[in-house]
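All chains should be built: construct the whole structure from the sequences, respecting the hints.
Quick note, the sequences are listed as chains A and H, same order.
Residue numbering for the first sequence follows this note's numbering, starting at 396 and increasing by one per position.
Residue numbering for the second sequence follows this note's numbering, starting at -1 and increasing by one per position.
FYI, nobody ran anything at the bench for these hints, they're computed from the structure.
Note that CB positions come from ideal geometry on N, CA and C, so glycine has one too.
Mixed in with the good hints there might be a few duds.
Claimed, not checked - Only some residues are given here: those of chain H computed to face chain A with a beta carbon under 10 Å:
(1) 54
(2) 57
(3) 94
(4) 194
(5) 198
(6) 203
(7) 382
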Amino acid sequence: MNYENEEFFAPGHGMCAGCAAPIIVKWILKWAGPNTIVANATGCLEVATTAYPRTSWRVPWIHVAFENAAAAASGVEAATRAKGEKLNIIAFGGDGGTVDIGFQALSGMVERGHDVLYVLYDNEAYMNTGIQRSGSTPWGAWTTTSKVGSANPIGKLRPKKPISMIIAAHNAPYVATANPAMFQDFKKKVQKALNTPGAKFLHVISSCTTGWRHDPSKTVEIMRLATDTGIFPLYEIENGDIENMRITYKPKKFKPVEEYLKPQGRFRHLLKNPEYVKKLQEDVDAWWAKYGHHYHP
Amino acid sequence: MKAMIRGNESIAYAFKLARVQVVPAYPITPSTLVPEKISEFIANGEMKAEFVPVESEHSAISAAIGASARGVRVGTATASQGLALMHEVLFIASGMRLPIVMGIGNRALSAPINIWCDHQDSMAERDSGWMQFYSENNQEGLDLGIMAFKIAEDKRVLLPAMVGLDAFVLTHTVEPVDMPEQSEVDDFLGEFKPNYVTLDPNKPATLGSFGFPEHYTEFRFAQWVAMEQAKKVIDEVFEEFEKKFGRKYRKVMPEYTEDADIIFVTMGSMSGTMREYIKKLRAQGKKVGMVKITVFRPFPKEELIEALQNAKVVAVVERNISMGFAGAVYGELAATFANKSKKPKFVDFIVGLGGRDITFNTLESVYKVAEKALTQDVDDVNWIDVNKEAVYKSEGLQ
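Following this line, the structure appears as structure tokens:
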């Protein structure tokens, strides 16, 4: 069944204009259809879509706490098996709820092999509490807890946690990175994940207009730049076979990282020092030098 | 049918007989045998359930919520640090009104790390919105385990329940129990039909939504009302159980209290020791009795007033301490009587922490202070069987 013309994520929610998370959720639910249950970690998505007595969710939805969406989804899935039913069980978590505080529960869920699709919408900081750095915040980003000043002109001093590689290393049957701005690739991966039994993990980039400090009208453009500069590569890994990962999209000509940094206030300070931009460009080049041969369209 | 089982098995058998469908659990001393036994039941084909071997107690209770929200019967078990790790999620389980049943191997909390019995773990969760039952022996663990489902799932209640069994003293001790037949338990519990909103694609609902100040208090008050309702439902279920299985349960069990000047209040396995000690004192002509608290949440105020109001001294003997105040049971009992014109004198005794044995000598020390309290003032809070001199010295007070 094709449910692309149906809405399972109702409008009228309180997510910011320009936030990518509702785009991600809305389309994943269309591809999953009504035979779906959602478990949601605490975060913007949960807070802004379920202000009692209203809800944006037209599929069954549960929120338990911040760090346990994967565990709650495990329970939903176990009960579904006990009932002898077959459903799409999808967990949504932001980067804080996934790569940091929810990391253990996610690792457990994947190791146990629950038939759940876990979707990380990665806006690269704790946005719900006001832009604090997370394990998924990239090197050089300003946040309210990786501030930029005379003693620290860089911002966050550590690189982003490679969560997709880490989850793939659990021998998860399907792990992919995706970008809603690269729509067909995103759709293919969601559908593939939904059709794969076991614990699937989708790492979806999700721009945050307030935290990344960009014009709300530039959301899709900036997310596209993340991939076209090579900063957020799109790949998939099956059954933990990282050596045979498949890069699903490679720009014909990479754009310089500067183009991605420029429209975002969180990186503005980096542009003052060409060394910082150079470092980021070298990081990206190094990634592609190491993994670029895995591009198999 | 008689069976020889350990206390942990009484919980596992209660789950099996209740036809629990999902058991998410994490091992922890002393309750580990519960998930082991469930795993064994499933492996042998004796029990049809999904066992979820989670990676922490936090995930155990989170998965229990997810499963219960799907409308299946859910049980789990933990103790001590495991229960403490569940802390935030316990409030969510009760706030979401999910009738999960959890066995507790009542064990001390760290530090220092200690695996033996006291009631600090579940006492620390007394505000979590869960009903709390405490077993004196393995038969009670089994019976309360079964009854907990019927009480928790009652439409008037819909609250989760803990069933406590004292670490090692019960969890690891083999005792003979009357094991009910499956058909009897089926008949007693009835087929499980969730009478609450579940996660059902045919009827989508949002569970665990965001409550603003204009609604939050009503959600909390609804839990309060449910706890109040539970008092009545517990009585009904206890009576029905007694008719069917012949074993009598009450929220509080008074013994030798009619003419007693001193009444000891107990919980859990120490009640057996206390009963024997009272028989000894009675033989000496002492007017003493005891009241065993089986249900701590909801707190059985009315029954406790009834049972204790004619005593001169109530000696609360408890295995927990709220630092800077007193034991939890003492505080709640004293508050229960606060507005009564006729009230006994309450004296608190902290005993048996971290598995320190509660012997006749312990109770003798308690009795001496309680007897003194008949005629003169004594300390509110009395630590028994403790080397005070060593502590004072190490704290630089001598």
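**Asked** If you check each hint against the structure, which ones fail?
**Response** 4 and 7
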